[in-house]
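From first to last, the protein sequence lines stand for chains E and U.
Counting from 1, position 128 in the first sequence corresponds to residue 128 in this note's numbering; the numbering is continuous, with no gaps.
Counting from 1, position 63 in the second sequence corresponds to residue 63 in this note's numbering; the numbering is continuous, with no gaps.
No incorrect hints appear here.
Restraint ranges, calculated between C-beta atoms of paired labels, are given here: (1) U:A171 x E:V145: 28 to 34 angstroms; (2) E:P489 x U:T25: 52 to 58 angstroms; (3) E:I353 x U:L212: 37 to 43 angstroms; (4) E:M336 x U:R81: 22 to 28 angstroms; (5) E:I385 x U:K27: 26 to 32 angstroms; (6) U:H113 x E:D573: 57 to 63 angstroms; (7) E:P268 x U:R142: 28 to 34 angstroms; (8) E:L137 x U:A171: 24 to 30 angstroms; (9) U:A134 x E:P268: 36 to 42 angstroms.
Hints in this document: simulated from the structure, not taken from any laboratory.
Glycine included, C-beta positions come from ideal geometry on N, C-alpha and C.
Each chain, letter by letter, is given below.
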Amino acid sequence: MVDIPYEGIEGIPPAEVPDVELYHPRSWWTRYVFSQDAKVIAIQYSLTASAIGLVALVLSWLMRLQLGFPGTFSFIDANQYLQFITMHGMIMVIYLLTALFLGGFGNYLIPLMVGARDMVFPYVNMLSYWVYLLAVLVLASTFFVPGGPTGAGWTLYPPQAILSGTPGQDWGIILMMSSLILFIIGFTMGGLNYVVTVLQARTRGMTLMRLPLTVWGIFTATVMALLAFPALFVASVMLLLDRLLGTSFFMPSLVEMGTLSKYGGGSPLLFQHLFWFFGHPEVYIVALPAFGIVSDLISTHARKNIFGYRMMVWAIVAIGALSFIVWAHHMYVSGMFPQFGYFFATTTLIIAIPTAIKVYNWVLTLWRGDIHLRVPMLFALGFIITFVNGGLTGLFLGNVVVDVPLSDTMFVVAHFHMVMGVAPIMVVLGAIYHWYPKVTGRMLNDALGKFHFWVTFLGAYLIFFPMHYLGLLGVPRRYFELGDAAFIPTSAHSLNAFISVVALTVGFSQMVFLFNLAWSLFKGEASGGNPWRATTLEWQTPETPPGHGNWGKELPIVYRWAYDYSVPGAAEDFIPQNQPPRATQLIQGAAS
Amino acid sequence: MSAIILFLTVLAVIAGWWLSQQRLTAKPWLEEGPAGDFPGGDAMTWPAAKVGLGVFLAVASALFVLFISAYSMRMSVVDWRPLPVPRLLWVNTGVLVLSSVALQWSYVAARRHDIESVTIGLLAGGASAVIFLAGQLLAWQRLGAAGYFVASNPANSFFYLLTAVHGLHLAGGLVALGRTSAKMWRGAGIADMRLSVELCAIYWHFLLLVWLVLLGLLTGWTDDFVDICRRLLS
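Go ahead and model the full structure; you've got the sequences and the hints to work with.
The structure is reproduced here in structure tokens:
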């Protein structure tokens, strides 16, 4: 098939790998448990993240029970409510979404999409997962220690985070910090792998501009995470020292329980700067992989090349860079120097430009496409709609004068759940429906999938859309119960109850999805190697699921970009990236 | 936070320069065929481990720069009382410089295929790094004996914290150095050794640089500079 001379050129991996250089599992343990194969590590990451994510889902049900029907459930008290909020937020943002997008999808898709046999440092990659698992276990252990998990809110602001009166002050906060430190160490190990694999292990012909946007998204997000997580690391270490050794990095002098505390002089604002220096890039660490994946889903299922590929790449890079200079828009109400606000509002609004470019390009990709409304496509469309909605309320909150009155209300809850809760989860679910056939060799059940999509999509809207209205009424967030405030009408209470009922319904519909995952593993229809007729390399592996070393004897050679769908004159409506030009011409000749 | 912004700007310039070599203006939909037909855009010619170390150094730098950012913000509060830096630190600095020089010597020897000098250089570098760490612990002990405890003043807290983070990074480097030495002990060829020794040397130079910056900060030499940076943002 290939008549191009292929010698080992410096810096390019040779086509045939000597057998000794590949990592070989020798036992069941090293094959499935302590595996160094990125595909196994990806599945381990995904399962662990989903398991702890289910805990966070249950916590959200408990919160909704309390908010919808205050006073009805005697087993939820005010302290527990705060603990539920904290753990729900922390788990969902860091231990579920970050781990799933980068550890799960990153590990599975990067080597396959760039045409590598594995990550470049497989042993470090394995360590990354085990440190992550340890972080998750430490986090989960806080549910069982005296005093329970911390109730400081997911932002863990000092001074309240480590003072008595905040639940989990004994052990919860210490273990939370330790778990975050472990997570960051584990992530750094994995992140080095993702970045260096994209830089160094691309197969012959895979130039940067031929990478699928999924890889661009995950790559850029990883670079951002590598630079942003150190800020959380610094904040966690220093807060831990404040708690354990009595230093005063963040703790001002204050009276605690009637006595003057040992602290003095520290700056709570410093913690907020460090936290949000991590926290804002974190939004895009979750969003950029989602952007990338959704581009590939839309292009594949609309049978059309992605509109404005170059623009999409530039926008990803631009968003990544800009997201480091907008962090203080989370701090308008913190009491920082007020003129800062104008600078950060401006940068925040500027970041809307590359983001809008992406949205327009998705829509223009759909325009006159041959749209197949299969389940992954439904989720991709659901993402666009949800993301636009959440992004528009972001324009509200990015402005200081609008943010100040809305900051402590349900409006903010609605905004960030739309934009970085529901939207990325839509992509995660769509991506699972899309790549499950590659991972298992079987299709997920279509009817259950469509049911799952419609309940999740409509349900998420019914939950979070009315929440904006509650926020505009002034209903505060983080409150255990609303009491009899005059400005909150009865209708707001009924709306809360309604939201809770929908939230429980949507939550339970996820069980249908879990059933689908398990059932299809054994009973699903066999998918074949390329069920979606997609162009990217992961669908061209000789075996499905891909075998050890991914590519059999020879690495693939790439001849074209990732989006050759419906090329005029071609025999099929897709041309795989590793199909040589001459073969295409032959097919064209046969067709004409 | 101006220190970290400055650092990220430098990184962005490097990343931008690299990206500009990658033909990001190419129109991939028009370029069908083997990659050799189009210039640029191939993988770097460095070995993966070296690129990996480079990325790690960027991450570690970000960590130290963020600590420095926190330091500069915290020191502007009135309760800051600089602590007298123990003289021992100068001795330690000298030892760390020796350690770095020894590893550089080892790397040069590896390029000359002089296996004996490589061994001597690695051992000398490792030993002086251990002495440096012991010296740092001794400095902690002396400060403690003089009544400068970790929680008694933020300047003390930062002193202990920064030296500890730097020391831990060096200890991690010693693990890598130990593995390199073990590989040598088992009789690995000089060609295999060269990269490992080179990476150790790079890491050591990096930690020396970080230490010099931290020393400047802790002794107050860079106070004026820090002050300027702080005023930029507030």
